[in-house]
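There are 2 protein chains.
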Amino acid sequence: MKKVAVIGTGVIGNGWITRFLANGCEVVAHDPAPGAKERTIQAIENAWESVEQLGLKEGASKDSLTFVDSIEEAVKDADLIQESVPERYELKHGVLKEIDRFAHSNTIIGSSTSGIKPTDLQIGLNHPERLVVAHPFNPVYLLPLVEIVGGEATTKEITNRASVYYESLQMKPMVIEKEIEGFVADRLMEALWREALHLVNDGIATTEEVDKAITYGAGLRWAQMGPFMTFHLAGGNAGMRHMLEQFGPALKLPWTKLEAPELTDELKERVIQGCETHANDRSVEELEKKRNEFLVKLIDLVEDYWP
Amino acid sequence: MKKVAVIGTGVIGNGWITRFLANGCEVVAHDPAPGAKERTIQAIENAWESVEQLGLKEGASKDSLTFVDSIEEAVKDADLIQESVPERYELKHGVLKEIDRFAHSNTIIGSSTSGIKPTDLQIGLNHPERLVVAHPFNPVYLLPLVEIVGGEATTKEITNRASVYYESLQMKPMVIEKEIEGFVADRLMEALWREALHLVNDGIATTEEVDKAITYGAGLRWAQMGPFMTFHLAGGNAGMRHMLEQFGPALKLPWTKLEAPELTDELKERVIQGCETHANDRSVEELEKKRNEFLVKLIDLVEDYWP
Chain A
0 MKKVAVIGTG
10 VIGNGWITRF
20 LANGCEVVAH
30 DPAPGAKERT
40 IQAIENAWES
50 VEQLGLKEGA
60 SKDSLTFVDS
70 IEEAVKDADL
80 IQESVPERYE
90 LKHGVLKEID
100 RFAHSNTIIG
110 SSTSGIKPTD
120 LQIGLNHPER
130 LVVAHPFNPV
140 YLLPLVEIVG
150 GEATTKEITN
160 RASVYYESLQ
170 MKPMVIEKEI
180 EGFVADRLME
190 ALWREALHLV
200 NDGIATTEEV
210 DKAITYGAGL
220 RWAQMGPFMT
230 FHLAGGNAGM
240 RHMLEQFGPA
250 LKLPWTKLEA
260 PELTDELKER
270 VIQGCETHAN
280 DRSVEELEKK
290 RNEFLVKLID
300 LVEDYWP
Chain B
0 MKKVAVIGTG
10 VIGNGWITRF
20 LANGCEVVAH
30 DPAPGAKERT
40 IQAIENAWES
50 VEQLGLKEGA
60 SKDSLTFVDS
70 IEEAVKDADL
80 IQESVPERYE
90 LKHGVLKEID
100 RFAHSNTIIG
110 SSTSGIKPTD
120 LQIGLNHPER
130 LVVAHPFNPV
140 YLLPLVEIVG
150 GEATTKEITN
160 RASVYYESLQ
170 MKPMVIEKEI
180 EGFVADRLME
190 ALWREALHLV
200 NDGIATTEEV
210 DKAITYGAGL
220 RWAQMGPFMT
230 FHLAGGNAGM
240 RHMLEQFGPA
250 LKLPWTKLEA
260 PELTDELKER
270 VIQGCETHAN
280 DRSVEELEKK
290 RNEFLVKLID
300 LVEDYWP
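The listed protein sequences derive, respectively, from chains A and B.
For the first sequence, the residue numbers in numbering that gives the first Met the number 0 are 0 to 306.
For the second sequence, the residue numbers in numbering that gives the first Met the number 0 are 0 to 306.
No lab work stands behind these hints, which were simulated from the structure alone.
Keep in mind that the hints are not guaranteed to be accurate.
Copies of the same chain are indistinguishable here, so a pair counts whether it falls within one copy or spans any two.
Below, computed lysine to aspartate or glutamate pairings styled on DMTMM-like, alpha-carbon distance capped at 25 Å [unchecked claim]: (1) Lys288 <-> Asp299; (2) Lys296 <-> Glu48; (3) Lys36 <-> Glu285; (4) Lys289 <-> Glu37; (5) Lys251 <-> Glu89; (6) Lys288 <-> Glu207; (7) Lys56 <-> Glu302; (8) Lys251 <-> Asp201; (9) Lys296 <-> Glu57.
Next up, chain A with everything else stripped away, as it sits in the complex:
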């Protein structure tokens, strides 16, 4: 992959451009908004020091960027196309149809959509099979996660190829097999976000207090582990098995506006086995030691950089 087209240059599109440039790609961008090019150049300028610190690939240059006046011109020779126009179905779908019309038939089109199902985006395309969702996280040039979701027309070969592409951009692709609105990461984030809005709406906490409740608590742990391994470590030596016994009943309590699933034996086993497999023979004590070393450094880091 050498030449990448980026369609739509808002915060996300510009984040992609920076990542592509930092990884030695040649980028052709298109956005019809007045002043788009200048804003993109400024955005790259602001981000460049950070990507340099993380490490540039050979041949990486801020100058390998061209702005063109049409989608056709942007996509016609591209090896990968990244669509990042605003999150409105009609707009996105129209742009994707135009991309599809002018791109090589086997060029992968990645859509940055946060939650629209790829099957819905594939409707009416000439080559729907090469469209995947490739959903990144802000700031795109730093955060490694990208969710790869195929639609009904997408083949396994395409999601695999897409996964390899994005991995070559120093990302952590996560292929999601079952297509649902919001995919995986945004479902988790959106649950937290909606609960946070309820807390503010009900006058329980200010936005600053909600942020404080995360940054000085769970947020520190989630940087290293997600919710499952975090709870595995909170369960003492018996890990998640003990945790579910201890806090399973809380799933029935009004601790959030979100109804929990029934904690069946099957779900319990799935969660416990998942954590134990992930722990991979490392005892809770061993994992705790690693976590503690990490947290000590992270707490120092947070002190230096926030508020």
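Assemble chain B onto chain A, guided by the hints.
Relative to chain A, chain B alone:
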């Protein structure tokens, strides 16, 4: 504050003991379980290197710990009492009544409960006014957050005094004025947790994938900022105002099992004003610069410590 009583020595109680010792307190502990003392000594041993790295207070010593055989003996001369018995109302309430009976009438009792309302815990106490929830986060000896929640009988003077106590333990106390089940931090965590269980239950993602979706994405940002400031920075120069325009409509979409509140003009303004006040005249660009410096270091740190 010099002498602290800790009642209940599971993962949380032992975390408290370590924090108290690291901050130069003398600790008297009680737990009727066989082998409790040995487990506590081991837990302190495992954690001590980390608290040393974060910095011990003058006079801090692992040896300033005594185990005693009764609640009476533990609490009678204490300046602060921390209750951390298992999360079952009847058990906690019984223990708190016994603590209340033997403690000095003006000694603050902090309950580590994750979600039981302090008003419910105060029922039948001789001096209910000095009972507050002081809810910590695992690992208690490292994570700074502690939620302070008073019940109906609690005076403002007591929550203030409690707040000063916990702050002197190098913690970040957050006083929550409105008493609700789950308080603030656990409501947020529980929303994420329940959504995560739904994803696993519905076969959308494995526990490992859920964890990956957090650790390589939002988790990195949440270590430094909570959900509100994170979105403020994702909104470009117009910050949260733009973000709500862009992603407000997504609140109606099935991106989580949790119903969102109505995004009224009042709620919008509350959220926007909250973020702008917190940003405190720092532009989004300025905050982004700080965030990027932080993320570069954090990403390096995560590489070193996980998996």
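So, going through the hints one by one against the coordinates:
In this homomeric assembly, Lys288 and Asp299 come within 25 Å of each other (Cα to Cα) both inside a single copy, at 17 Å, and across copies, at 18 Å. Taking the shortest alpha-carbon separations for Lys296 and Glu48, both the intra-copy value of 23 Å and the inter-copy value of 13 Å come in at or below 25 Å. Taking the shortest alpha-carbon separations for Lys36 and Glu285, only the inter-copy value of 21 Å comes in at or below 25 Å, while the best intra-copy value is 51 Å. With identical chains, the CA atoms of Lys289 and Glu37 are at most 25 Å apart between copies only, with a shortest distance of 23 Å across copies and 45 Å within one.
Within a single copy, Lys251 and Glu89 get their C-alpha atoms only as close as 40 Å, which misses the 25 Å cut-off; across copies the closest is 17 Å, which meets it. For the homomeric pair Lys288 and Glu207, the shortest alpha-carbon distance between copies (20 Å) is at most 25 Å, but the shortest distance inside one copy (31 Å) is not. Taking CA atoms no more than 25 Å apart as the test, Lys56 paired with Glu302 passes between copies only; the shortest distance there is 18 Å, against 31 Å inside one copy. In this homomeric assembly, Lys251 and Asp201 come within 25 Å of each other (Cα to Cα) both inside a single copy, at 21 Å, and across copies, at 19 Å.
In this assembly of identical chains, Lys296 and Glu57 lie within 25 Å of each other by CA distance solely across copies; the values are 22 Å between and 31 Å within a copy.
When the structure is compared with the earlier hints, no violation turns up for any of them.
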